[in-house]
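So the protein sequences, as listed, match chains A and B.
By this note's numbering, the letter at position 227 of the first sequence is numbered 227, and the numbering carries on one by one without gaps.
By this note's numbering, the letter at position 50 of the second sequence is numbered 50, and the numbering carries on one by one without gaps.
Among the hints, erroneous ones may be present.
SDA-like mimics (lysine to any residue), calculated; alpha carbons at most 25 Å apart, straight line [said to hold, decoys possible]:
#1 B/K39 to A/N348
#2 B/K34 to A/N64
#3 B/K48 to A/A60
#4 B/K39 to A/V347
#5 B/K2 to A/P234
#6 A/K57 to B/V36
#7 A/K339 to B/V36
#8 B/K13 to A/A60
#9 B/K20 to A/G233
#10 A/K210 to B/V15
#11 B/K20 to A/F316
#12 B/K27 to A/C59
#13 B/K48 to A/A312
#14 A/K339 to B/G21
#15 B/K2 to A/K210
#16 B/K48 to A/H212
#17 B/K27 to A/P234
#18 B/K20 to A/Y50
#19 B/K34 to A/G72
#20 B/K34 to A/W320
#21 B/K27 to A/K339
#22 B/K27 to A/W323
#23 B/K20 to A/V351
#24 A/K57 to B/E42
#25 B/K13 to A/G72
#26 B/K39 to A/V76
#27 B/K20 to A/R329
#28 B/K39 to A/I66
#29 B/K27 to A/Y50
#30 A/K57 to B/Q38
#31 B/K142 to B/L117
#32 B/K13 to A/H212
#33 B/K27 to A/I330
#34 B/K45 to A/F74
#35 A/K57 to B/K2
Hints were generated in silico from the structure; no laboratory data involved.
The residues making up each chain are set out below.
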Amino acid sequence: MGYQKYDLAPLTHSIDQFLYSHLSSTWAFLAEMTLIGVVFLIFYAVIGLYLVLAERKVCAFMQNRIGPNRVGWFGVIQTIADLFKLLLKELITIRKADKLLFNIAPFIVIIASFLGIAAIPFAMGLHAIDFNIGIFYIMAVSSVGVVGILIAGWSSNNKYSLIGAMRSGAQIVSYELSVGLSLLVIVIYSGTLQLSTLVESQADAWWIIKGHIPAILAFFVFVTAGTAETNRGPFDLAEAESELTAGFHTEYSGIKFAFFFLAEYMNMFLVASVAATVFLGGWMPLHIPGMEGFNNAMDFIPPIVWYFGKTAFVIFLMMWIKWTFPRLRIDQLLNLEWKYLLPINLVNIVVVALIVLMGWYIK
Amino acid sequence: MKSIFDYIAGIFKGVWSLLKGMTITGKYFIRLDKIVTQKYPENRKKLKMYDRFKGELIMPHDANNFHKCNGCGICEMNCPNGSIEVISDKIITSEGKSKRIIGTHIYHLSMCTFCGLCVKSCPSNALAFSQEFEHAVFDRNKLTKVLNNPGSSLVKDLAE
Ligand code: SF4
Ligand code: SF4
């Protein structure tokens, strides 16, 4: 296949071999860990900051405004300036707060999203850890974040925070089901939980095309439930600034607030990249079965561009949803999940099982 | 059976109405020519404020330095913030009657909330809002203004 010319595995292997040939194996291992950690940290910060900027721009354009346009050309360093501002702010400790929990909560939230990013295949051969249970792993670690949110709300000793945290708990526990079940649709189709194999299995066509109606349905359910998972509007009941000031992070200031803020955007990135990887083929170029010339032309675009393009598309979809719809009430939120998404998903799974059994999809 | 149909119809209706909303925001997103934001300091030269914009309180004077204020003090009474002080004066008209006229109409811009009650309540329509909004000064005494021009007088007095 043409896309293999952009395989980054030789590069990563040569770095690996270089380290192992110059250092003892323990040190080489540690050096590799540190290297990957630093790369991810920088990636995390850059992506997080620019997603905030992108959100502000998209939101502005949808409301016929311009958005940030003063700091740097077109406002490109606005969010970096904001970060510096937050870094310089005082970290206020609440007198009757549970100090230990109050301080570790932002770290739990941010580490959860950080762990999730590690398993994403960014391009061919650019994949930090390739678990054979990749999808399961991402779902497991990303749902740890809610523990951080609950702790933040509980330890702030503030009713608004507590209500926000409780709502977020109810919300994430319910929507986790839809996220899992909608991913399961593709897992049944492809027969694997490993993200690299999943991407390879879409070399002929993406699952959203191969899996036709159930896959499309699952994609939209996933995007909806994923938006809810990340506590973004219209499901941002945990923050609900018009009713709960800022919900679970009301009492946080300075960089700890920035952690929550960044984590929200990274969770969005995570959801978008899982959606892109599972439904839209990850870094796999657009291939249409039987059109050799077209497929070869598509192979010239490097996988990393495909990956970021698809992720950006899903992110845009989520922003579009956020800036169009008003916030749901808590009962409407739970109704949507338990009365609509979950039954649809369950029926969908049964249908997919039948389709796979009968081979009624594009193989 | 009917409830099942209702359920499914409800889903389609819901999705349809959501899509309608998304088309509107989607249209706004691509219509960059419809942006309403003004890039303020750059467009200062050609910035045009709207008629209804409440910049600061003024007392319009015509070309012959006539205004319409008769010094009744109603604006002063109606101002919720006490930002207007009307100091009236007395003159003896040609017929020998004593008549109240406006001495100084003092306006404290620093205390005004631009509620517009003074303009609405003035029986002679003597007050208005200008479109001026760059109020920053280095000395707050400059925010206390006298609205009637020196030497100005009431329109009606001319007729008499
Ligand atoms: S501005 Fe109007 S309300 Fe105020 S004193 Fe003059 S006439 Fe009376
Ligand atoms: S606009 Fe309102 S606050 Fe200002 S001077 Fe008139 S009445 Fe007073």
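Do the hints match the structure? See the list:
For the given pair, B/K39 sits about 51 Å from A/N348 by alpha-carbon distance, which is inconsistent with the 25 Å threshold. A distance of roughly 6 Å separates the Cα atoms of B/K34 and A/N64; the hinted pair therefore holds under the 25 Å criterion. Using a Cα cut-off of 25 Å, the hinted pair B/K48 and A/A60 holds, with the two alpha carbons roughly 22 Å apart. For the suggested pair B/K39 and A/V347, the alpha carbons sit about 53 Å apart, so the restraint of at most 25 Å is broken.
Taken as a hint, the B/K2 and A/P234 pair is broken in the structure, with Cα atoms around 31 Å apart against an allowance of 25 Å. Annotation: proposed proximity of A/K57 to B/V36 holds, straight-line Cα distance about 14 Å (limit 25 Å). Restraint check: the Cα-Cα separation between A/K339 and B/V36 comes to about 41 Å, which exceeds 25 Å; the hinted pair is violated. Simply put, B/K13 and A/A60 have alpha-carbon atoms about 29 Å apart, too far for the 25 Å limit, and the pair is violated.
The suggested pairing of B/K20 with A/G233 holds, with an alpha-carbon distance near 18 Å, which does not exceed 25 Å. The hinted pair formed by A/K210 and B/V15 meets the criterion: a straight-line CA distance of about 24 Å does not exceed 25 Å. Between the alpha carbons of B/K20 and A/F316 the distance comes to roughly 17 Å, so the proposed pair stays at or under 25 Å and holds. Between B/K27 and A/C59, the direct Cα distance comes to roughly 13 Å. Compliance with the 25 Å bound is thereby established for this hinted pair.
A threshold of 25 Å between alpha carbons decides the hint, and for B/K48 with A/A312 the separation of about 38 Å lies outside it, so the pair is violated. Restraint check for A/K339 and B/G21: the C-alpha separation of about 23 Å stays at or below 25 Å, so the hint holds. With a C-alpha separation of about 34 Å, the suggested pair B/K2 and A/K210 falls outside the 25 Å cut-off, and the hint is violated. Taking the CA atoms of B/K48 and A/H212, the gap is about 54 Å. The hint is violated against a cut of 25 Å.
Taking the CA atoms of B/K27 and A/P234, the gap is about 20 Å. The hint holds against a cut of 25 Å. Between the alpha carbons of B/K20 and A/Y50 the distance comes to roughly 29 Å, so the proposed pair goes past 25 Å and is violated. Annotation: proposed proximity of B/K34 to A/G72 holds, straight-line Cα distance about 24 Å (limit 25 Å). For the suggested pair B/K34 and A/W320, the alpha carbons sit about 18 Å apart, so the restraint of at most 25 Å is met.
Taking the CA atoms of B/K27 and A/K339, the gap is near 32 Å; set against the 25 Å cutoff, the hint is violated. At roughly 13 Å between alpha-carbon atoms, B/K27 and A/W323 fall within 25 Å of each other, so this suggested pair holds. Taking the CA atoms of B/K20 and A/V351, the gap is near 29 Å; set against the 25 Å cutoff, the hint is violated. Under the criterion of a C-alpha separation no larger than 25 Å, the hint pairing A/K57 with B/E42 is consistent with the structure, at around 20 Å.
About 45 Å separates the Cα atoms of B/K13 and A/G72, which puts this hinted pair outside 25 Å; it is violated. Distance restraint check for B/K39 and A/V76: the Cα-Cα separation of roughly 17 Å lies within the 25 Å cut-off, and the hinted pair is therefore satisfied. Restraint check: the Cα-Cα separation between B/K20 and A/R329 comes to about 21 Å, which is no more than 25 Å; the hinted pair holds. Our distance criterion of 25 Å between C-alpha atoms is met by B/K39 and A/I66, whose separation comes to about 9 Å.
For the suggested pair B/K27 and A/Y50, the alpha carbons sit about 24 Å apart, so the restraint of at most 25 Å is met. Between A/K57 and B/Q38 the CA atoms are separated by roughly 16 Å; this keeps the pair inside 25 Å, and the hint holds. As the CA atoms of B/K142 and B/L117 are separated by approximately 23 Å, the hinted pair is consistent with the 25 Å bound. Proposed proximity of B/K13 and A/H212 is supported: the alpha carbons are some 22 Å apart, at most 25 Å.
As the CA atoms of B/K27 and A/I330 are separated by approximately 30 Å, the hinted pair breaks the 25 Å bound. A threshold of 25 Å between alpha carbons decides the hint, and for B/K45 with A/F74 the separation of about 22 Å falls inside it, so the pair holds. Restraint check for A/K57 and B/K2: not satisfied, since their Cα atoms lie roughly 46 Å apart, outside the 25 Å limit.
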